[in-house]
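Residue strings, one per chain:
2 protein chains.
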Amino acid sequence: MNENNNYNNMIEENTTENNNRSDTVKKRINELRIFMSEKNIDVYYIPTDDFHGSEFVSEYFKAREYMSGFTGSAGTLIITKDSAGLFTDGRYFLQAEKELENTDIVLYRMGNEGVPSIVEFLDANMENGMVLAFDGRCVTAGFAISVKKYFEEKGKDISLKGDVDLVSYIWKDRPALPDSKPYVLDEKYCGESLSEKIDRVRKEMKNKNAKSFILTSLDDIAWLLNIRGDDIKCSPLVLSNMLITEDKAVFYCGSDKKPDEKTQNIYDYLHSNKIQIKGYFEIYDDIKKIGNTLPVIADLDKVNFRLYSEILNTVNQCYDTLTDKKIRDGFISYHYAIIDIINPTTNFKAVKNSIEIENEKNAHIKDAVAYVRFLYWFKKKCDKKSITEQDIAKKLLEERKKMDGFISESFEPIVAYKEHGAIVHYSFDEYSNAHLDEKSFVLIDTGGHYLEGTTDITRTLSCGELSSEEKINYTLVLKGNLALGSAVFLEGITGAGLDILARRPLWEKSLDYKHGTGHGVGYLLNVHEGPNSIRYRLGEGKNVSAVMKPGMITSNEPGLYITGKYGIRIENMIVCKEKLKNDFGRFLEFETLTMVPYELDAIEEELLDSTEKRFINEYHSKVYKTLKSFLNEEEQIFLSEITRTI
Amino acid sequence: MNENNNYNNMIEENTTENNNRSDTVKKRINELRIFMSEKNIDVYYIPTDDFHGSEFVSEYFKAREYMSGFTGSAGTLIITKDSAGLFTDGRYFLQAEKELENTDIVLYRMGNEGVPSIVEFLDANMENGMVLAFDGRCVTAGFAISVKKYFEEKGKDISLKGDVDLVSYIWKDRPALPDSKPYVLDEKYCGESLSEKIDRVRKEMKNKNAKSFILTSLDDIAWLLNIRGDDIKCSPLVLSNMLITEDKAVFYCGSDKKPDEKTQNIYDYLHSNKIQIKGYFEIYDDIKKIGNTLPVIADLDKVNFRLYSEILNTVNQCYDTLTDKKIRDGFISYHYAIIDIINPTTNFKAVKNSIEIENEKNAHIKDAVAYVRFLYWFKKKCDKKSITEQDIAKKLLEERKKMDGFISESFEPIVAYKEHGAIVHYSFDEYSNAHLDEKSFVLIDTGGHYLEGTTDITRTLSCGELSSEEKINYTLVLKGNLALGSAVFLEGITGAGLDILARRPLWEKSLDYKHGTGHGVGYLLNVHEGPNSIRYRLGEGKNVSAVMKPGMITSNEPGLYITGKYGIRIENMIVCKEKLKNDFGRFLEFETLTMVPYELDAIEEELLDSTEKRFINEYHSKVYKTLKSFLNEEEQIFLSEITRTI
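Sequence order for the protein chains is Y and E. Numbering of the first sequence is given in this note's numbering, commencing with residue 1 and proceeding in unit increments. Numbering of the second sequence is given in this note's numbering, commencing with residue 1 and proceeding in unit increments.
If you are wondering where the hints come from, they were derived from the structure by calculation, not from laboratory data. There's no promise every hint is true.
Copies of the same chain are indistinguishable here, so a pair counts whether it falls within one copy or spans any two.
[Said to hold, decoys possible] Within a straight-line C-alpha distance of at most 27 Å, the following computed DSS-like cross-link-like pairs (lysine-lysine) qualify:
id : residue 1 : residue 2
1  : 439       : 509
2  : 233       : 379
3  : 509       : 581
4  : 156       : 208
5  : 361       : 401
6  : 577       : 509
7  : 289       : 26
8  : 203       : 154
9  : 154       : 197
10 : 542       : 154
11 : 471       : 581
12 : 549       : 514
13 : 289       : 206
14 : 156       : 206
15 : 542       : 149
16 : 549       : 509
17 : 613       : 361
18 : 208       : 542
19 : 149       : 203
20 : 248       : 274
21 : 509       : 613
22 : 542       : 148
23 : 542       : 514
24 : 27        : 39
25 : 509       : 579
Based on the provided sequences and hints, a complete structural model is requested.
Below, the structure written as structure tokens:
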């Protein structure tokens, strides 16, 4: 799955409702303005985020949707005293136009020429001395700091106020916070006990001279505690926070009531591992005592602004003894109060242990068996003209559900026929859901969570007749996928150093794709995780580009998108492993986890050299041998056809 | 030229002198210890650096050599109350052993297993409360900060004292500071006037909200003022500093005496461009007034520790109003007093203008004509068995000197026959200078400064018979050189993203070379300059890896070193330029400036694919066409042979 993607909610269209909606939206915004005025707030900012910067959010957090009527999964609403603007990206322009009709909210089409960025919009709407407010729990500290810095560099004095949630005053029937029952993930799946993981975390805290560690990213918490839940769609996570010191670890979760029969088990498990349990919101009080355990590790790209502000207040109280980079004795002192590094858990979690890797291999075999059965249906059984994009997604889910240990889809499926494939972030909905035809490509990006791991696979299938251009372009993308998948490299290289392998066949033809080539994939966690990624542009500071390490699982997904015609993407999951050590160093390589054939019908063989053909044939032969025994005779014959030697 | 290389000075061997020397060294170190004791210094640190972090240093700065008797060009001497250690790298182990004999100085062979690093040595020899001293002008601020940080993280309180130059108390007949006569480089060579350059610098200062800019790197100053000098071997630079504010620019140089006939010209030129001239050391007083023009841009990897300390003192005086990242109103304030970024001039200078690029092309044609004449002599005229490595260097210099506009070698030549080629940083000297034979490789890394630019080229030549292994390895290195030289890439990629192209053919065979693939090359300035480089490992902070921009000139020098047998390196200079722009972005490519044939006698043709052969043939055909008219008939015939189609 391409990591820039988020997903639509289905839109319930109803004309009367639509008219009512615009009135309701106007009313709500006016109500909000009254509260803004009462609290001397000039601009109110409503993002689409939970308190943890999660990729998907549950119903409770849809304040932006409640206030604007716009139901898309990504967007930011900004309300000033006399105007309101909604910022969203290309996949939602049409939907937002429809849903914002008559609301007086101006749509800002992000990425279009002449459209201001969010900070530019704030800059244009805010004068010296004004107050910008938001629910500081829905904004990362990093984002707030960047806004503050932007204004400071412009010499503009803007106050940020993050301790208000104005929407909660208006939203009377707000859904409850999610509160699923967490479960323990057995060590035969996760491969390392909670206590071993906590030990590693404390060792790393010591290495960094930290006395505490605030952990708020949900996948990191689930990894650390070896628990999973169902608080967020497509992400088997538990809404929670953690505070870890040298001798205490507190888990702040929703279940601060008396445990019932089902949760007793996990309470016992956590207690036996010396994890204290407190209510979800109690961290906001406890953080005020962080002054006793400074310095604190706080990943400011993850920790929300409210928590960060509390930490800063505490630091200010200790200002004379301990400051954030204080000048002392003519030197800049490096005793930091706040150690802003990537969460140590994030780095640990990215490197899968040998049990996780073995499990992932099995999960990918299961996923491939389901996929081959889907392919058999798609290639041999269905009538292309009578099926839609949605039918494909349904069939794939149906096959996956049959597999033992399947839990859920790992993200909302992308099925994009023909020109839809070229739309960045496309996902079908009621309006767009297209019928197929016996020509061109359908791009299918889907994945599943299993107890044995998480899959994320894109295949671009021929629906029948393909033009020579389509075949050439498929083959160029394939060449990039093969080059990256078969790369050999020395330890120490980052994802930024590997990307050119995947892009080179396209770049040589002056073509490109506007997304990363690879993202880390969690083990029954988020389908997108860091720090590993494969993208040639460097990030900033601590997010520059991670060194590729043995055990990291990353996607390998070059693509090509021809506007108005079709999209191509070929995505495998690859695991980094040692190839050999010698006097020159430690050489690494990838092993492809995904076990689904490439689309031979789309290959222009003349463009492949003998090495590339050998890679394809070896891969297909491995796929056939691995999957054969799980398939019936018809399916086996089909698989042998689509993995034939070229 | 491989950027890890420095060069030997010739050693005058004399047994009596050697005995005297060890006594002299002991005496000097004892004298120094008396001063250390007087000033309460526990450890005294003597690097091999001038006040500007230059790659080569002039006689005045050879304090380490004076104190230790070790004449190598790289090394650090550390003196404690009862011991002394000299740290140097592999190319000097033998020489240092000889020269340190009987001096009581312990040799630390850097890079060898079990040998401590310099900070580890300091750590082992320093206790809480001790004082580490050095001439703070010979140490960059960045280095001193890193040492301080190392000790702070260990919880050790070590004071750094940078305001003493103890060696000057002892070194009575110390040579004078270099004081060559600078000259103006005409705009037909440098392509942009001083006033245009200063305007660009001031614009960038404004962008960064800086009120002043301290510039101490000599190549940046020479570039900015369009002047050149001869203060440092192989580097046509002028010993100087600069302080630039919004309305003033001061050039601190050695010539603070009355200008004579020869310097009058440059004084007039600078004055007419509103550049004020002051004495070289006056900056140390003027910097004390920097408080009036904060924030100041100071590249702490370039500015020396003494100057940095003065800036910090001033900042401390303004502490209440303006601090280095002060916490204010609960926010970290981003008003920096010291803006530690790569010198803006470094980034400007790296992107050559069109006149410089045209000139560089001409310089490379001249260099190639000289080189082909040398090759003709080497391949057709000389008796391999009767020549040495040094003879090759001499012959090359002789041919280069014949070319119009030649100024000097751009670094000390490396000529390394057979197993010498595999020694990292090898350079011949009286001891090692080898005779050739009619087999294996000689690696030749040389370059020249011309008014029209600077060259840096490595060719690995067959001396006669080559083994199959030698040919295979030459061809692997060549494949990397071709892949990088013919790369097509999107704007935004860094050198770290390109490196794998050069290394891939080696990595696939589990081989590698332990140096960067490319470094920036100055225009009649330093042969090594930043920020552009091609190396897969990322640097830290501001030095992470520069984006490759059109106009940047970089070396392309993969290699392979087989210990005890031979070394291979193939180095061209390449300039980045635009290929085309389309909807996918701006595509860039390289053009090879170097115009000297590859070694066809060393190529294993079977390892090359048709594209690679085409690149070689096209390059050789271009070389022949470009150089032909400058050569006599015999030389032309020779050139046609060594550029024959394969």
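Should residue 549 paired with residue 509 be assigned to within, between, both, or neither, using CA atoms and 27 Å as the limit? Only across copies: residue 549 and residue 509 sit 20 Å apart there, 31 Å inside one copy, limit 27 Å.
If the cut is 27 Å between Cα atoms, do residue 149 and residue 203 qualify within a copy, between copies, both or neither? Only across copies: residue 149 and residue 203 sit 20 Å apart there, 34 Å inside one copy, limit 27 Å.
Is it within, between, both, or neither for residue 156 and residue 206, if the alpha carbons may be no more than 27 Å apart? between (40 Å within a copy, 16 Å between copies)
One pair to classify: residue 613 and residue 361, alpha carbons no more than 27 Å apart. Within, between, both, or neither? within (24 Å within a copy, 41 Å between copies)
Given identical chains, is residue 549 near residue 514, meaning Cα to Cα at most 27 Å, within a copy, between copies, both, or neither? For residue 549 and residue 514, the Cα distance is within 27 Å both inside one copy (25 Å) and across copies (20 Å).
Homo-oligomer pair classification [residue 613, residue 509; C-alpha up to 27 Å]: both (20 Å within a copy, 20 Å between copies)
Tell me, please, which holds for residue 233 and residue 379 at an alpha-carbon limit of 27 Å: within, between, both or neither? Result: close neither inside a copy nor across copies, 31 Å intra and 73 Å inter.
For residue 289 vs residue 26, is the C-alpha pair at or below 27 Å within one copy, between two copies, both, or neither? neither (42 Å within a copy, 59 Å between copies)
For residue 208 vs residue 542, is the C-alpha pair at or below 27 Å within one copy, between two copies, both, or neither? both (15 Å within a copy, 22 Å between copies)
Alpha-carbon proximity context of residue 542 and residue 154, limit 27 Å: Both ways: residue 542 and residue 154 sit 25 Å apart in one copy and 22 Å across, limit 27 Å.
Treating 27 Å as the Cα threshold, decide for residue 509 and residue 581: within, between, both or neither. between (36 Å within a copy, 12 Å between copies)
Alpha-carbon proximity context of residue 203 and residue 154, limit 27 Å: Between copies, since 16 Å is at most 27 Å while 42 Å is not.
The structure fails hints 2, 7 (numbered hints given earlier, in ascending order).
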